[in-house]
Amino acid sequence: MKYTEEHEWLDLDGDVVTVGITAHAAEQLGDVVFVELPDIGTSVTRDDEIVVIESVKAASDILAPIDGEVVEVNEVLVEEPGKVNDDPEGDAWFFKLKIEDASTMDDYMDEAAYKAFIAD
Amino acid sequence: MPVRSDKGNSGILNTGKDGPLDEELKHTPLYDLHVELGAKMVPFAGYEMPVQYPAGVMAEHKHTRTKAGLFDVSHMGQVVLRARDPDDAALALETLVPVDVLGLAEGRQRYGYFTNEDGGIEDDLMIANRGDHLFVVVNAACKDADLARMRAALEPEITVKLIRNRGLLALQGPAAVEVLAEHHPGVRDMRFMDVETLPIAGAECWVSRSGYTGEDGFEISVPEAATADLARALLAHEDVNPIGLGARDSLRLEAALCLYGHDIDSATSPVDAGLTWAIQKVRREGGARAGGFPGAERLLTAMAEGPARKRVGLLPDGRAPMREGVQLFASKEADRPIGQVTSGGFGPTIGAPVAMGYVSADLAVPGTALFGDVRGKRLPVTVATLPFVAPGFKR
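So the sequences go chain by chain: A and C. Heads up: the first sequence is residues 1 to 120, going by UniProt numbering. Heads up: the second sequence is residues 1 to 395, going by UniProt numbering.
Hints are computed from structural coordinates only; laboratory data are not their basis. A few of these clues could be false.
To be verified - Restricting the straight-line Cα-Cα distance to at most 20 Å, the calculated cross-link-like pairs of lysine to aspartate or glutamate (DMTMM-like) are:
hint: 1; chain 1: A; residue 1: Lys115; chain 2: A; residue 2: Glu79
hint: 2; chain 1: C; residue 1: Lys62; chain 2: A; residue 2: Asp15
hint: 3; chain 1: C; residue 1: Lys281; chain 2: C; residue 2: Asp132
hint: 4; chain 1: C; residue 1: Lys394; chain 2: C; residue 2: Glu224
hint: 5; chain 1: C; residue 1: Lys377; chain 2: A; residue 2: Asp15
hint: 6; chain 1: A; residue 1: Lys96; chain 2: A; residue 2: Glu79
hint: 7; chain 1: C; residue 1: Lys377; chain 2: A; residue 2: Asp86
hint: 8; chain 1: C; residue 1: Lys377; chain 2: A; residue 2: Glu49
hint: 9; chain 1: C; residue 1: Lys377; chain 2: C; residue 2: Glu305
hint: 10; chain 1: C; residue 1: Lys67; chain 2: C; residue 2: Glu238
hint: 11; chain 1: C; residue 1: Lys161; chain 2: C; residue 2: Glu224
hint: 12; chain 1: A; residue 1: Lys96; chain 2: A; residue 2: Asp15
hint: 13; chain 1: A; residue 1: Lys96; chain 2: A; residue 2: Asp13
hint: 14; chain 1: C; residue 1: Lys62; chain 2: A; residue 2: Glu6
hint: 15; chain 1: A; residue 1: Lys83; chain 2: A; residue 2: Asp67
hint: 16; chain 1: C; residue 1: Lys377; chain 2: A; residue 2: Asp61
hint: 17; chain 1: A; residue 1: Lys115; chain 2: A; residue 2: Glu6
hint: 18; chain 1: A; residue 1: Lys83; chain 2: A; residue 2: Asp11
hint: 19; chain 1: C; residue 1: Lys62; chain 2: A; residue 2: Asp13
hint: 20; chain 1: A; residue 1: Lys96; chain 2: A; residue 2: Asp67
hint: 21; chain 1: A; residue 1: Lys83; chain 2: A; residue 2: Asp61
My request is simple: use the sequences and hints to build the entire structure.
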């Protein structure tokens with residue numbers, strides 16, 4: 001598992017990476033009330049804003065962590081956005097990206113580094 | 001995860017850490033209690049205030065609607081106006097507000113607002129007749145300006161005193177009356193907008209049956225030294241939870257209560273805002289004390305002509321909240337906006353996004369289909385009757 005400074009977690013399986021937000025981010029956001037997901041088949045470039053997530057407090061974006069193509073999205077979150085608060089690092093993943101260059105995963109933090117990052 | 005619009009928090013997710021709060025920020029008498037209760041503290045109108053407790057905005061909101069919530073509103077400005085003859089204080093205040101202050105009976109409170117020469121609103125306030133003096137409560141962000149305004153217009157004949165040594169609590173929700181009655185049964189007999197001086201938890205409290213949530217409840221001015229003890233005594237009741245500014249905002253939005261600086265401001269006419277009910281007959285055209293407040297002519301003319309735009313309720317058809325600043329259009333293709341959202345978010349009691357905003361008067365009829373521009377997309381939204389939730393006031 002890898003982590004971004006934007007509080008996303010990335011789980012690589014073969015050439016597909018699953019992306020969600022961390023428990024820390026979900027807690028800071030507060031109750032999530034709206035999720036807008038990208039279309040399947042969308043080609044994305046790193047740092048593209050591809051998900052909109054709104055909590056009772058504010059609207060935020062989730063950025064594409066790596067270049068790739070959206071191959072799956074978690075439609076359940078559209079109907080039940082509160083799942084993001086219930087299980088952010090499990091069932092409430094947002095999208096899966098098929099990536100070409102898995103080495104870009106090395107740009108991101110491991111769990112220990114992320115824990116240090118949020119404790120800072 | 002960049003934060004797009006940031007209301008009520010300090011952009012925490014931009015940095016991943018809590019930035020140090022400005023050292024200049026003031027604390028209310030409940031600061032230590034908020035921290036002890038695990039509140040997330042944010043800067044608000046010069047104070048460090050709780051935006052939410054661990055329960056979170058959604059749970060705090062629902063708790064207030066079903067049981068009782070305790071709010072710290074000690075940041076608001078409490079001001080006493082005193083004259084040798086109390087009627088003089090009432091008449092003097094009438095030069096600043098379009099409200100019938102002279103006709104306000106002892107032990108009663110009224111909503112009002114300071115107007116400006118353009119007929120706009122400088123701040124909104126509560127005015128209470130406490131017998132030998134008037135007690136007014138103004139918004140925290142406008143406190144200094146309001147004080148200066150009252151001092152300039154009323155002194156030296158009227159003494160204008162900012163009360164610095166009292167906290168202010170709001171106990172709101174259907175269970176509020178029975179909770180407070182355990183401390184003083186007299187509160188059961190108070191009607192909506194009654195004010196009384198009552199000993200509660202050993203302190204002299206100035207109590208009004210009013211609030212900012214759309215629920216029955218009380219606002220309690222309490223000596224500073226007794227504020228934390230009273231808050232703890234109220235929180236000791238199983239029906240009472242602490243509620244932060246986040247839920248205060250969603251509660252007042254569902255109740256269609258205006259937030260100064262958002263739904264009303266110095267460029268907003270009370271006519272457009274639908275607040276002329278606060279101008280009693282005696283201050284209107286043909287009344288015994290008609291006009292006599294800043295911008296009276298413009299305001300009374302606007303009342304006669306009717307509004308060009310109106311404050312309305314807005315229910316987005318989808319799940320996407322329409323927040324402050326969202327532009328409203330009559331159609332998907334229209335070039336020019338016909339209005340905009342001034343307050344918007346998720347309404348936990350409604351279970352859907354809710355908003356208030358201004359639209360041109362011809363499009364203000366409930367049921368009118370409009371479009372809001374959210375992130376470049378025109379999303380459908382319907383004009384709705386306000387308030388979104390039925391008020392629980394005890395008339």
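Here's how the hints hold up against the structure:
With a CA separation close to 31 Å, the supplied pair A:Lys115 and A:Glu79 exceeds the 20 Å bound. Taken as a hint, the C:Lys62 and A:Asp15 pair is broken in the structure, with Cα atoms around 44 Å apart against an allowance of 20 Å. Distance check on the hinted pair: C:Lys281 and C:Asp132 sit about 25 Å apart at the alpha-carbon level, beyond 20 Å; violated. Of the supplied pair hints, the one linking C:Lys394 and C:Glu224 is violated, its CA atoms being roughly 28 Å apart against a limit of 20 Å.
In summary, the hint linking C:Lys377 to A:Asp15 is not supported, as the alpha carbons are separated by about 33 Å, beyond the 20 Å threshold. At roughly 18 Å between alpha-carbon atoms, A:Lys96 and A:Glu79 fall within 20 Å of each other, so this suggested pair holds. Simply put, C:Lys377 and A:Asp86 have alpha-carbon atoms about 29 Å apart, too far for the 20 Å limit, and the pair is violated. Annotation: proposed proximity of C:Lys377 to A:Glu49 holds, straight-line Cα distance about 15 Å (limit 20 Å).
In summary, the hint linking C:Lys377 to C:Glu305 is not supported, as the alpha carbons are separated by about 35 Å, beyond the 20 Å threshold. Restraint check: the Cα-Cα separation between C:Lys67 and C:Glu238 comes to about 9 Å, which is no more than 20 Å; the hinted pair holds. Among the hinted pairs, C:Lys161 with C:Glu224 is consistent with the structure: their alpha-carbon atoms are about 16 Å apart, no more than 20 Å. Proximity of A:Lys96 to A:Asp15 is assessed by CA-CA distance (about 10 Å); at most 20 Å being required, the pair is judged to hold.
Among the hinted pairs, A:Lys96 with A:Asp13 is consistent with the structure: their alpha-carbon atoms are about 10 Å apart, no more than 20 Å. Of the supplied pair hints, the one linking C:Lys62 and A:Glu6 is violated, its CA atoms being roughly 31 Å apart against a limit of 20 Å. Distance hint between A:Lys83 and A:Asp67 is unfulfilled; the C-alpha atoms sit about 27 Å from each other, more than 20 Å. For the given pair, C:Lys377 sits about 16 Å from A:Asp61 by alpha-carbon distance, which is consistent with the 20 Å threshold.
Simply put, A:Lys115 and A:Glu6 have alpha-carbon atoms about 13 Å apart, close enough for the 20 Å limit, and the pair holds. For the proposed pair A:Lys83 and A:Asp11, the alpha carbon gap of about 19 Å is at most 20 Å, so the pair holds. For the suggested pair C:Lys62 and A:Asp13, the alpha carbons sit about 41 Å apart, so the restraint of at most 20 Å is broken. Of the supplied pair hints, the one linking A:Lys96 and A:Asp67 holds, its CA atoms being roughly 12 Å apart against a limit of 20 Å.
The hinted pair formed by A:Lys83 and A:Asp61 meets the criterion: a straight-line CA distance of about 17 Å does not exceed 20 Å.
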